[in-house]
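Enquirer: Protein chains in written order, with our numbering: chain A, 1 to 326; chain B, 1001 to 1288.
What the hints contain is simulated information worked out from the structure, not anything from laboratory work.
A couple of the hints might just be wrong.
What the hints assert, rightly or not - Here are the simulated DSS-like pairs of lysine-lysine, each with C-alpha atoms no more than 25 angstroms apart in a straight line:
hint, chain 1, residue 1, chain 2, residue 2
1, A, K186, A, K199
2, A, K214, A, K186
3, A, K199, A, K214
4, A, K199, B, K1089
5, B, K1089, A, K321
None of the values given here were measured: they were computed from a predicted structure.
Read off the chains here:
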Amino acid sequence: MIPQALKGRNGILLAGILLFFILIPHFVGTYWILILILTLFFIYMCSAWNLIGGIGGQFCFAHTLFLAAGAYTSTTLYRDFGISPWIGMLLGAGIAVLLGLFLSWLNFRYKLPHLSFALVTLGFVYIGMFVISSFEHLGSHDGLSILIMETDPLNYAFLSKIPYYYIILGMTLGVIMLTAIILRSKLGLYLRALRDNEKAAEASGINLLSVMYKGMALSAFLTALAGTYYAQMLGFIDPETVAGPHMIIEMILFTAIGGFGTLWGPVIGPLLLVPIGQAFLNVIGTDYAGIDLILYGVIVVAVILFMPHGIVGWFEELWEKKEKGG
Amino acid sequence: MEIFVQVLLDGFMWGAVYALIASGLTMVYAITRLLNFAHGDLMFLAMYICLALYRAFGLDPYLSIFITTPLMVILGLLVFHFLIRPLLKAHILMVIQLTLGLVFIISNSLVLLFTSEEETVPTFITASKLYLGPIILRTPLIVAFGVATMASLGFYWVLRSTDFGRSVRAISQNSETAELMGINVGRVQMIVFTLGIALLGIVGPVVIPVIQVMVPTMGLHMTLFAFIILVVGGAGNFLGALIGGLIIGIAEAFGYFYLSASLAPAIPYAIFVLILLFRPQGLMGEAA
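Only chain A is shown next, with the shape it has when bound in the complex (with noise of 0.2 angstroms):
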């Protein structure tokens, strides 16, 4: 089942592309490798969050809240019983999934238009992170250490990065996929009208509801993973970063300034906009902390202003022009 996309001479561009993120981690030094990690996260995190946020047009704030479900559930029961973070990562991503059932029915029950639903979203995010800065047994305000002495596959502990490259490397290839797939099903058809027409959509027999609920639980389960990924590989949490506000900001205006709703611009987002940031730190010093997040908020209104449909969105208005014309 390749999409059509995938065939021929885009075929082999994404072929070579997927080549070069395979071995690229055996040529550069650490640095990078955090960096491509950094980056690859946020387009797995940005793809997650575009299943329900983009293509579904449900303007969710409590991403982060999944994240942090994901994070807290699988380092405390790895803490407190040993139990495998792989199988604390599905507990964690089940709490996720309920999460955002919870939230889906709000929704729907009282018909939130979707400014409501993102102010919603965004006091849950306030609430989770005041109720785990309040626990004591969450590590509260000063976060929680995952030590890792030695490499143990069985409980996700690496002491290299290059195997976490290579986890979020499938992970994001994964995630690209199913959007593929999701967009070419009738799901992502009905999320699409859940977007663009709610009305219209429900006057036609489609329960909306359940449309929802898949695309939100999808996107809670997936987003969920990679807060235990964040945590095993980055050995520290703390409601702050995983739980806070400032994670979920940032994948929204990376998938705005790809292209909300379309397979490649959660992609092409974080692609530009991490490594651009990281540089920009470089160059500047790591004592402006927080410069590349104000370049982020620069390059997100001026491609609000200028290219209201994203990155990808211009790319194809390009295309369709040239093609008028030619």
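Following the hints, complete the assembly by docking chain B onto the known chain A.
Expert: Relative to chain A, chain B alone:
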């Protein structure tokens, strides 16, 4: 009993301050149906201008109002003209993204210029208190309460009794019809948006001695607070904003007193969710 009255009064005054912060946002929302996620960050921008003025000239924040307000007017006009106006007809989510971009720009610029350490700016009344028998009131809170009350009454009067107020109400009820009736909707939107930001030039300095310590990254939190008040009170309803602010302020004050200090900040959000569950149109809003 005395403690109960004390906590109630503190909460009441805090609530008025929250309502003051939310009123600009409510006004802009009523007129443009836009939510400015950078609202809280713009307030912190005004507060950090006060910090800079204090460091350079030793200026008291209450005097800085005369500098921050015109600066915020100019900023409001620029933001509206170059950023908001082009998006008025676009999908509402575009404005959210744009203002989220502004959040990143403003809050991180403040971190860059002033570091993310906690800062304080002294005023001539920061430490002073008023004793009413056993009840103790902090003077800055009384001042903020006074400003909030005056601003609310001012808005109320403008909306009720002036031509400008009538056109504002007309647009918030039905902007297309208002346009057909000959109201210059674009101009009213510009004025209201600018007023909303200019108000922050007054609110910011007044809030400084009330919250005492400020951190550049608290802006989004403030915005959300203002949103919560907007939703609790009923979107686009000024009296609602005042009542919403009071409820949140009082609930929070009791939370700090009877629960733990780390759980109390979650109370406003819990109220927010409850209101959405049981009365999604807000306390003062009309059923949809």
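Enquirer: Against this structure, judge whether each hint is valid.
Expert: A quick look at each hint next to the structure:
With a C-alpha separation of about 18 angstroms, the suggested pair K186(A) and K199(A) falls inside the 25 angstroms cut-off, and the hint holds. Proposed proximity of K214(A) and K186(A) is supported: the alpha carbons are some 12 angstroms apart, at most 25 angstroms. At most 25 angstroms may separate the alpha-carbon atoms for a hinted pair to count; K199(A) and K214(A) meet this at roughly 19 angstroms. Restraint check for K199(A) and K1089(B): satisfied, since their Cα atoms lie roughly 21 angstroms apart, inside the 25 angstroms limit.
Simply put, K1089(B) and K321(A) have alpha-carbon atoms about 24 angstroms apart, close enough for the 25 angstroms limit, and the pair holds.
Taken one by one, the earlier hints all hold for this structure without exception.
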